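Q: For reference, the chains in residue letters:
Number of protein chains: 2
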Amino acid sequence: MSEYQAPLRDMQFVLNELGYLDRVRALPDCAHLDADLVDAILGEAGKFAHGVLSPLNVSGDRQGARWENGEVTTSKGWREAYQRFVDGGWNSLSCDPEFEGQGLPRVVSALVEEMWNGANLAFGLCPMLTRGAIEAIELRGSAYLKSTYLTKMISGQWTGTMNLTEPQAGSDLAAVRTRAEPVGDGTFRIKGQKIFITYGEHDLTDNIVHLVLARTPGAPAGVKGISLFVVPKFLVQADGSLGARNDVRCASIEHKLGIHASPTAVLAFGDNQGALGWLVGEENRGLEYMFIMMNAARFSVGIEGVGLSERAYQRARGYARERIQGTEIGAATRSNVAIIRHPDVRRMLMSMKARTEAMRALACEIALAMDCAERHPSQAARQESQALVDLMIPVIKGWSTENAVDIASLGIQIHGGMGFIEETGAAQHLRDARITTLYEGTTGIQAADLIGRKIARDGGLAIGQLSTRIQQVLEELAWVDDPQLQANASALARALVALNTSVEFIVGHYTSQPARVAAGAVPFLELLGLVAGGWQMARSALAAQRQLKAGDNDQAFYGGKLLTARFYADHLLPQVESLSRVVVQGGDALLQMDDQQF
Amino acid sequence: MSEYQAPLRDMQFVLNELGYLDRVRALPDCAHLDADLVDAILGEAGKFAHGVLSPLNVSGDRQGARWENGEVTTSKGWREAYQRFVDGGWNSLSCDPEFEGQGLPRVVSALVEEMWNGANLAFGLCPMLTRGAIEAIELRGSAYLKSTYLTKMISGQWTGTMNLTEPQAGSDLAAVRTRAEPVGDGTFRIKGQKIFITYGEHDLTDNIVHLVLARTPGAPAGVKGISLFVVPKFLVQADGSLGARNDVRCASIEHKLGIHASPTAVLAFGDNQGALGWLVGEENRGLEYMFIMMNAARFSVGIEGVGLSERAYQRARGYARERIQGTEIGAATRSNVAIIRHPDVRRMLMSMKARTEAMRALACEIALAMDCAERHPSQAARQESQALVDLMIPVIKGWSTENAVDIASLGIQIHGGMGFIEETGAAQHLRDARITTLYEGTTGIQAADLIGRKIARDGGLAIGQLSTRIQQVLEELAWVDDPQLQANASALARALVALNTSVEFIVGHYTSQPARVAAGAVPFLELLGLVAGGWQMARSALAAQRQLKAGDNDQAFYGGKLLTARFYADHLLPQVESLSRVVVQGGDALLQMDDQQF
Chain A
1 MSEYQAPLRD MQFVLNELGY LDRVRALPDC AHLDADLVDA ILGEAGKFAH GVLSPLNVSG
61 DRQGARWENG EVTTSKGWRE AYQRFVDGGW NSLSCDPEFE GQGLPRVVSA LVEEMWNGAN
121 LAFGLCPMLT RGAIEAIELR GSAYLKSTYL TKMISGQWTG TMNLTEPQAG SDLAAVRTRA
181 EPVGDGTFRI KGQKIFITYG EHDLTDNIVH LVLARTPGAP AGVKGISLFV VPKFLVQADG
241 SLGARNDVRC ASIEHKLGIH ASPTAVLAFG DNQGALGWLV GEENRGLEYM FIMMNAARFS
301 VGIEGVGLSE RAYQRARGYA RERIQGTEIG AATRSNVAII RHPDVRRMLM SMKARTEAMR
361 ALACEIALAM DCAERHPSQA ARQESQALVD LMIPVIKGWS TENAVDIASL GIQIHGGMGF
421 IEETGAAQHL RDARITTLYE GTTGIQAADL IGRKIARDGG LAIGQLSTRI QQVLEELAWV
481 DDPQLQANAS ALARALVALN TSVEFIVGHY TSQPARVAAG AVPFLELLGL VAGGWQMARS
541 ALAAQRQLKA GDNDQAFYGG KLLTARFYAD HLLPQVESLS RVVVQGGDAL LQMDDQQF
Chain B
1 MSEYQAPLRD MQFVLNELGY LDRVRALPDC AHLDADLVDA ILGEAGKFAH GVLSPLNVSG
61 DRQGARWENG EVTTSKGWRE AYQRFVDGGW NSLSCDPEFE GQGLPRVVSA LVEEMWNGAN
121 LAFGLCPMLT RGAIEAIELR GSAYLKSTYL TKMISGQWTG TMNLTEPQAG SDLAAVRTRA
181 EPVGDGTFRI KGQKIFITYG EHDLTDNIVH LVLARTPGAP AGVKGISLFV VPKFLVQADG
241 SLGARNDVRC ASIEHKLGIH ASPTAVLAFG DNQGALGWLV GEENRGLEYM FIMMNAARFS
301 VGIEGVGLSE RAYQRARGYA RERIQGTEIG AATRSNVAII RHPDVRRMLM SMKARTEAMR
361 ALACEIALAM DCAERHPSQA ARQESQALVD LMIPVIKGWS TENAVDIASL GIQIHGGMGF
421 IEETGAAQHL RDARITTLYE GTTGIQAADL IGRKIARDGG LAIGQLSTRI QQVLEELAWV
481 DDPQLQANAS ALARALVALN TSVEFIVGHY TSQPARVAAG AVPFLELLGL VAGGWQMARS
541 ALAAQRQLKA GDNDQAFYGG KLLTARFYAD HLLPQVESLS RVVVQGGDAL LQMDDQQF
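Keeping their order, the protein sequence lines are chains A and B. The opening residue of the first sequence carries number 1 in the UniProt record's numbering; numbering runs sequentially from there. The opening residue of the second sequence carries number 1 in the UniProt record's numbering; numbering runs sequentially from there.
Okay, chain A solo, but in the shape it has when bound (with noise of 0.2 Å):
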């Protein structure tokens, strides 16, 4: 079984090359990481992530985390590498500095969690979520919660849920029914149930800190009337050591199609007296604070896209370089061959190769407008980095994890027969993947806030400073004199223009035909992806001109670039026309269809 390897070189060039480290140096603090200080750091998590979590990757597939009365057991190995994930200091790399996090840029901090993610999904969930109740305790945590529980989580030493979700309330949170009854000493009694709650218990860790929405009495009905608590799994005395169990029990946990490994957990809150739990920030304003939160984790969401697809794309080239089938067409001998001399199979490896580059790309651009709205002494640029950030959450989320189910399936197509046997390792990462459309708010979801309240809502402002930026992309093309980049400018000016045309139809009907907009919401987020992987694509290609111009002595891996974004602009870009027909003709049909008539 090949084990997953972190692909430094392909991560080197996007921060190299396309400029993403140099651009982020130049923000306060950050001047230290130079290259051969990042280079160390993402050699280090390489390792990690290669030795430690690639090898429990299947045998946490096979036996899953266990649930009896009440208590997970996580997989065998499963503890002993958490352990030794929270003693390498891995969990608080890109946390605050104030309590003990390192503090390192997302532009950095993303490739280190694509690199979980390729070697070990179901185990990366667990610090991602850590790091999505950290970050909600920073923003709106009072005194007494920072320093009860920051220091601990940021380290690993306690773990983090975010718990939304329940019956009745999946995509619509205006249906949560968990009630918060207050006690009178400023601490709530929390009773309900939670489901799909992601390491909700486990035994990782002594602790577990829960952050759960739920209403106080007399809230105001729908999403205006939700509040967000602290729910220790254990009471945390005045000394930090832990006391009593609080009043929240593992009812269950889910039988799922993949992340077998990652224990997704029903919660009973309050059965007995009701879990005792801490206000976060003010009463009625927990969905605004989740949303922040659920920002990371969307673009977390995305990056997991990233790594699967990498890992998918590691093992089918790995098979289709080994395995010995047929003879190579229009070649003189009628010697076997491998089947990456098959021009399908080479399709297909393209294929993933291309997308996963060009998302890699466009996630550390926005990591980088991440730390640039954070950190960048302009308040102007702060603002702008902001407006890109919250257009392409989104799209990180939404298109990083389509694509990743496809190129996974694609990973499995390349191994054929083989591909459909479990052992083979190519369909957990399927299965695995499957989830990644789901999980933070569905591709619809994300499709619905791109339209509205990213796109619509500013009449289109953010969407047309990006898509200047794709145009100054296309100037630069256009100075230089090669056949390669001019058919990568051809096909990026095509899509740019189906990009325009989509955004003006939704910006000139989102408030007349709401629903008729809404029917393409999902076609053009795909297309937005697809454009602006296409730009950082473009980047790309420029960037390998550059180098092999300069005479660099790596020329096949320049080379391999050229061919790769070549290879988008002739196979993907195409897509953009027809999805940009779908986006602004597709609605009729299906608004007319009576419910009866499906």
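Please note: incorrect hints may appear among the correct ones.
[Unchecked claim] Interface residues of chain A toward chain B, partial, derived using beta-carbon atoms under 7 Å: (1) R317; (2) G318; (3) I329; (4) I340; (5) S578.
[Stated by the list, open to error] Derived list of chain B stretches under chain A, where covered just means 3 residues or more per stretch with a C-beta under 8 Å from a C-beta of chain A: (6) 43 to 57; (7) 92 to 99; (8) 183 to 192; (9) 360 to 368; (10) 430 to 438.
[Unchecked claim] Each computed DMTMM-like pair below joins lysine to aspartate or glutamate, with the alpha-carbon atoms no more than 25 Å apart: (11) K146/B with E181/B; (12) K76/A with D458/B; (13) K224/A with E138/A; (14) K191/B with D203/B; (15) K152/A with D34/A; (16) K549/A with D10/B; (17) K549/A with D594/B; (18) K549/B with D588/A; (19) K146/B with D29/B; (20) K152/B with D206/B; (21) K191/A with D203/A; (22) K47/B with E98/B; (23) K146/A with E68/A; (24) K224/A with E328/B; (25) K152/B with E98/B; (26) K549/B with D482/A; (27) K76/B with D206/B; (28) K76/B with E422/A; (29) K549/A with D595/B; (30) K549/B with E577/A; (31) K146/B with E283/B; (32) K152/B with D87/B; (33) K47/B with D554/B; (34) K146/A with D247/A; (35) K76/A with D247/A; (36) K152/B with D239/B; (37) K224/B with E328/A; (38) K224/B with D29/B; (39) K146/B with D206/B.
Hints were generated in silico from the structure; no laboratory data involved. Remember, predicted model here, so these are calculated numbers, not experimental data. For every residue, glycine included, the Cβ atom is placed at its ideal position computed from N, Cα and C.
Fit chain B to the given chain A structure using the hints.
A: Frame of chain A; chain B shown alone:
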């Protein structure tokens, strides 16, 4: 858990309103098949699928087939269901009346097959493989083989298998190594290992008839030295009773992503003295015979895609009608609605529905062509029909199964997070569907067959005839004064131009630049599937419009057909132009990549 319901009304629409039943009734010995008789057959089959097969689908998936000491136990209820299947005469439906088959034409039996696959794919595989084995014996078996095996296999008393694959011989059967040594009395001793043998061992019947590819001593290398043998699990004595156990043993069964209840066997032939085998037809012509069977099997796998798509659609539609979540976009009230009211959910359902209907109609068109190729009194008509069958088998197989994977995945998506939970049932459909693009030749193999043997070889003659038939429907549409149908016509016309452009490219470059053409083979297969599906949807719209004009009572049904065809034109057909660009320009970059640049 909702059970499969045969889509009788949709099936009747295809048979009656699209005219396939009238056309098949014009063939010799088919006039008795009036609408009432066919309705009765479909109705009874639907009851069996719903009441007997569907309830075993989930339990079969959970228990799976079990292997112990060479014996395979099917999951609970399987034996009884198979016996009822045989007793009901379902196994012999489409078989030769000379051996007690019922001689039903393919255009009807294909719809019955769709039901078995929709209700329980893992079950349906057993009779499907038996049919393949029957066909080989009917086609080229000696009088001894026919009299010994056919009646019992046609009734279903014994099952059949197809033994092609070996560890080193998957897509490339030239690499088959299994040996067949002549005994001297006309029989052979078979030695070798076969893998991926569907129902290669089971407890449903007291004998299994293996059709096995093997090489005789001194046979030419490659595909021209492969012969086909009948190798029964138990030897058959002169009086037809079972004799000694043959030297074939089930070494293990595979642990697979899906179709868990269908045992996929590793068969060891000749661990001891060699398994006794009987030659089918002439030596060294085994692959040729196998390909005739394989064409039927490939068509059947396409039908699996249709059945699975229908099943996934039904489950998703049921959930979408019941699940209350969120408010309706643009509605006056803020009350919560079933998710089928959300435009994006409707889009997904329509995409599932439209493709399923297009695939079903197209499969019936090709099934009718099979019937004509076999039964039509005019040789010219038989030949033209056979040319259409040969052309379209890889499309029926490849397009329907690729669609099925995507449709099953959309089915999960409509369920949101619940889709990832195995108990929901949606995930099984994806796991089961995932095999269909792999076995009986991967999509890549289908596409290579399509562009090479089916298009380039006759210089585009057969596909030109298909293109002319599509053009005829466009001319029919031109006479109908209806904006809905004009939209269909315009989308189909654009798609037809793109198809013709692609065909010209393939025919023009297949010899001079074979690898470049091969790089676009799968995109072309998808393109042709989309256009051929669009042809059927245009026919469907025309038929529905006729019924509406005639004042038929079932306005809602026919109105739904019009809207479904319109959706197909708006959402699916636009992809054709982008695929055409990929076919024509997509070969360069991927062929230039050095293996090490991946």
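Q: Indicate, hint by hint, whether the structure satisfies it.
A: Here's how the hints hold up against the structure:
no.: 1; hint: R317; verdict: 5 Å, holds
no.: 2; hint: G318; verdict: 10 Å, violated
no.: 3; hint: I329; verdict: 5 Å, holds
no.: 4; hint: I340; verdict: 5 Å, holds
no.: 5; hint: S578; verdict: 4 Å, holds
no.: 6; hint: 43 to 57; verdict: violated (count 0)
no.: 7; hint: 92 to 99; verdict: violated (count 0)
no.: 8; hint: 183 to 192; verdict: violated (count 0)
no.: 9; hint: 360 to 368; verdict: violated (count 0)
no.: 10; hint: 430 to 438; verdict: holds (count 6)
no.: 11; hint: K146/B with E181/B; verdict: 23 Å, holds
no.: 12; hint: K76/A with D458/B; verdict: 60 Å, violated
no.: 13; hint: K224/A with E138/A; verdict: 22 Å, holds
no.: 14; hint: K191/B with D203/B; verdict: 24 Å, holds
no.: 15; hint: K152/A with D34/A; verdict: 29 Å, violated
no.: 16; hint: K549/A with D10/B; verdict: 62 Å, violated
no.: 17; hint: K549/A with D594/B; verdict: 20 Å, holds
no.: 18; hint: K549/B with D588/A; verdict: 22 Å, holds
no.: 19; hint: K146/B with D29/B; verdict: 23 Å, holds
no.: 20; hint: K152/B with D206/B; verdict: 11 Å, holds
no.: 21; hint: K191/A with D203/A; verdict: 24 Å, holds
no.: 22; hint: K47/B with E98/B; verdict: 28 Å, violated
no.: 23; hint: K146/A with E68/A; verdict: 33 Å, violated
no.: 24; hint: K224/A with E328/B; verdict: 19 Å, holds
no.: 25; hint: K152/B with E98/B; verdict: 13 Å, holds
no.: 26; hint: K549/B with D482/A; verdict: 59 Å, violated
no.: 27; hint: K76/B with D206/B; verdict: 18 Å, holds
no.: 28; hint: K76/B with E422/A; verdict: 23 Å, holds
no.: 29; hint: K549/A with D595/B; verdict: 23 Å, holds
no.: 30; hint: K549/B with E577/A; verdict: 36 Å, violated
no.: 31; hint: K146/B with E283/B; verdict: 18 Å, holds
no.: 32; hint: K152/B with D87/B; verdict: 13 Å, holds
no.: 33; hint: K47/B with D554/B; verdict: 24 Å, holds
no.: 34; hint: K146/A with D247/A; verdict: 22 Å, holds
no.: 35; hint: K76/A with D247/A; verdict: 28 Å, violated
no.: 36; hint: K152/B with D239/B; verdict: 13 Å, holds
no.: 37; hint: K224/B with E328/A; verdict: 19 Å, holds
no.: 38; hint: K224/B with D29/B; verdict: 38 Å, violated
no.: 39; hint: K146/B with D206/B; verdict: 19 Å, holds
Hint check: violations occur at hints 2, 6, 7, 8, 9, 12, 15, 16, 22, 23, 26, 30, 35, 38; the rest are consistent with the structure.
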